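Undergrad: Knowing the structure of chain A, use the given hints to seat chain B on it.
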Amino acid sequence: VGQIRPSLMKKLRENGREGIIFLSFLILFFLTILGIRGLKIGNAHNPGAGFMPFWSGILLLLLAAINFWRSFTKGPKDSHQVIKPSFKTIFVLAGILAYIVMAPYLGFLITIFLLLVLFFSLMGRKNFSFILIISGATAIFTYLFFVTLMKCQFPRGFLGIG
Amino acid sequence: MDALNFLGYGFSIALQPINLFYCLLGVFIGTLTGVLPGIGPVGAISLLLPTTYGISPVSAVIMLSGIYYGAQYGGSTTSILLNIPGEASSVVTTLDGYKMAQNGEAGPALGIAAFGSFIAGTISVILLMLLAAPLVKVALRFGPPEYFSCMILGLTLISYLTQGSALRGFISAVLGFILCQIGLDVVTTQPRMTFGIMNLEDGLGLVPVVMGLFGLSEILINLDEVGDFEIVKGKIKNIFPTRKDWKDSIGAIFRGTLSGFFLGILPGGGAVIASFVAYALEKKISKHPEKFGNGAIEGVAAPESANNAAAGGAFVPLFTLGIPANVAMAMLFGALMIHGLTPGPMLLKDHPEIFWGTITSMYLGNVLLLILNLPFIGLWVKLLQIPYRLLFPFILLFCIIGSYSLQNSMFDVLIMVIFGVVGYLFRKIGFETAPMILSFVLGPLLENSLRQSLVISEGSLLIFIQHSISGVVLLVAFIMILSAVIPFARIFALIKKN
Numbered sequence: 412v413g414q415i416r417p418s419l420m421k422k423l424r425e426n427g428r429e430g431i432i433f434l435s436f437l438i439l440f441f442l443t444i445l446g447i448r449g450l451k452i453g454n455a456h457n458p459g460a461g462f463m464p465f466w467s468g469i470l471l472l473l474l475a476a477i478n479f480w481r482s483f484t485k486g487p488k489d490s491h492q493v494i495k496p497s498f499k500t501i502f503v504l505a506g507i508l509a510y511i512v513m514a515p516y517l518g519f520l521i522t523i524f525l526l527l528v529l530f531f532s533l534m535g536r537k538n539f540s541f542i543l544i545i546s547g548a549t550a551i552f553t554y555l556f557f558v559t560l561m562k563c564q565f566p567r568g569f570l571g572i573g
Numbered sequence: 067m068d069a070l071n072f073l074g075y076g077f078s079i080a081l082q083p084i085n086l087f088y089c090l091l092g093v094f095i096g097t098l099t100g101v102l103p104g105i106g107p108v109g110a111i112s113l114l115l116p117t118t119y120g121i122s123p124v125s126a127v128i129m130l131s132g133i134y135y136g137a138q139y140g141g142s143t144t145s146i147l148l149n150i151p152g153e154a155s156s157v158v159t160t161l162d163g164y165k166m167a168q169n170g171e172a173g174p175a176l177g178i179a180a181f182g183s184f185i186a187g188t189i190s191v192i193l194l195m196l197l198a199a200p201l202v203k204v205a206l207r208f209g210p211p212e213y214f215s216c217m218i219l220g221l222t223l224i225s226y227l228t229q230g231s232a233l234r235g236f237i238s239a240v241l242g243f244i245l246c247q248i249g250l251d252v253v254t255t256q257p258r259m260t261f262g263i264m265n266l267e268d269g270l271g272l273v274p275v276v277m278g279l280f281g282l283s284e285i286l287i288n289l290d291e292v293g294d295f296e297i298v299k300g301k302i303k304n305i306f307p308t309r310k311d312w313k314d315s316i317g318a319i320f321r322g323t324l325s326g327f328f329l330g331i332l333p334g335g336g337a338v339i340a341s342f343v344a345y346a347l348e349k350k351i352s353k354h355p356e357k358f359g360n361g362a363i364e365g366v367a368a369p370e371s372a373n374n375a376a377a378g379g380a381f382v383p384l385f386t387l388g389i390p391a392n393v394a395m396a397m398l399f400g401a402l403m404i405h406g407l408t409p410g411p412m413l414l415k416d417h418p419e420i421f422w423g424t425i426t427s428m429y430l431g432n433v434l435l436l437i438l439n440l441p442f443i444g445l446w447v448k449l450l451q452i453p454y455r456l457l458f459p460f461i462l463l464f465c466i467i468g469s470y471s472l473q474n475s476m477f478d479v480l481i482m483v484i485f486g487v488v489g490y491l492f493r494k495i496g497f498e499t500a501p502m503i504l505s506f507v508l509g510p511l512l513e514n515s516l517r518q519s520l521v522i523s524e525g526s527l528l529i530f531i532q533h534s535i536s537g538v539v540l541l542v543a544f545i546m547i548l549s550a551v552i553p554f555a556r557i558f559a560l561i562k563k564n
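These protein sequence lines map, in sequence, to chains A and B.
Residue 412 is where the first sequence starts when you use my numbering, and the numbers rise one by one after that.
Residue 67 is where the second sequence starts when you use my numbering, and the numbers rise one by one after that.
Next up, chain A with everything else stripped away, as it sits in the complex:
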């Protein structure tokens, strides 16, 4: 037992990420089951609304379990890359989320301009006046193209432009 335990611990350490992957799929399975709560599952003769989600959830769990098991027998995957998002990645995502929240209040034109300023700044442009000009021009061009030509309806915001 003393010999098995260190080797099991080593394997668990090596396959920590595989464990997290399995756990994520387990959560997805439970979400699927939770999402069809109260729906009839039925059977092959009379499939209910929950029939397909239930069995595809079971299949997902089964395949994820096999994948997890195989990581133990085969060792961790070579295809894994380090998940260490750069600050640019995080800022881009935060910027888009802020856009989603702010656009209904500030309107499309202002929020997209601010978002473009953020994006261009993140991409390493030093000249701030260039950033302002290109962001402003892009925002106005996009607005004119999509609103006047493509008849899109963007959030208007407090200025009533959108």
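Just so you know, the hints here were simulated from the structure itself, not pulled from any lab data.
Only a predicted model underlies this, so the values are computations on that prediction, with no experimental measurement involved.
Note that the Cβ used here is the ideal one computed from N, Cα and C, for glycine as well.
Keep in mind that the hints are not guaranteed to be accurate.
Said to hold, decoys possible - Pulled a few chain B residues facing chain A out of the computed Cβ check, cut under 10 angstroms:
#	residue
1	L196
2	V253
3	I285
4	L289
5	K313
6	F464
TA: Same frame as chain A, but now just chain B:
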């Protein structure tokens, strides 16, 4: 006679000024997305999908198809000049293409890539035309069990042929199938997996999901790794291949075309595998295999012909069976559905203008691509000099607007962000997203044909075996799934050892 009549009918549609314009626009955008690393044809199609609502379905399909096959042309430019494939299908072109450019032969490499692509593209359209009509007649006899089995086989092939682990491909496909079930159940109209969120009752939109998985995630990955590229210096000259170049390449072009077309038909086969197979085949049969990897012109001609032929081949299952062979075809599938058309055998019967108009536009598109890619090669080289970091904000902007404009909903932008993160994580942990998208698109049809089959058989699953075509197709799929799940090779090795 029929085929010639239909061809004439197709040209009468494709040559209409508006359709010619959309064909030109499509192949131009396709070349652009092929040339510029960071956004592929899938991203471009999903970006432009919402803009097709206002135009006729024929024009929309002509433009979106143009993007797809145009990207195969453009992908070679970056492979040859930058050693960075603009498209996954041009990866193998870097081996000899970049070497040729370093040896001062960028012109002949670009030239043979363009001519090879033109020949392959044109032949594949002829093959598509000849094969599709008879296949449609066969497909018209298919019932729900056959459709169900074909879709299962298609998804299995895509998962099986995916890069990396097939098992992970299957997981991705099942996940896509679960995601497509979010929303109201078509039979009982009860909400499934909506968690009380009203926006989810219509289900997840294809465009935000694809834009997240293929557009945003690509940018997020590049933000982690980005650097500017080193373009091969020197003037590009002698772009028209010499007699010797033709002599060296013509066999490779025809072999690449044939292998590429038939591999393109296979779901999951596609342009990437076709280009690798064509390259390997040329190297195998060459009298001078040592030349490969050191600037052999056949090493450029074969994969570039193969990936273009595969692009044509991929239309066969879409138009005949209504089964998309790859993600780009899934997007076209989505575009047809948005316009109220169901891809499959009935499309040719009920809407011949779509089928023949698209096919004939591909002849014209190939000519346009040759013009765009040879005399205007300087323009594409200039575009490559735009710093990559300047392109990101524009691509992100289009992702945001594209996902919003579908239903004028910020919720769709949020969905795009969520799937962008999912795509980013999936790539980092070695899961392919292509099977997920394909099963997401095919899921509703799969569920429908399963339910219909069960109604016909009064709940007996034996219906899938009793129908011979369905039985054989399911057996093939089952063997593939089994071989991915059970490590037979290791078991046999263990038995042998003991």
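Undergrad: Now, for every hint given, state plainly whether the structure supports it.
TA: Taking the hints in turn, this is what the structure says about them:
Annotation: interface hint on B/L196 violated; nearest CB of chain A at approximately 38 angstroms, more than 10 angstroms. Against a cut-off of 10 angstroms between C-beta atoms, the interface hint on B/V253 holds, since the closest Cβ of chain A lies about 7 angstroms away. For B/I285, the interface hint holds, since its Cβ comes within 10 angstroms of a Cβ in chain A; the closest pair sits about 7 angstroms apart. Here the hint on B/L289 is kept, as its CB sits about 4 angstroms from the closest CB of chain A, short of 10 angstroms.
At its closest, the beta carbon of B/K313 sits 41 angstroms from a beta carbon of chain A; the interface hint therefore is violated under the 10 angstroms criterion. Because the beta carbon of B/F464 sits about 9 angstroms from the nearest beta carbon in chain A, less than 10 angstroms, this interface hint is met.
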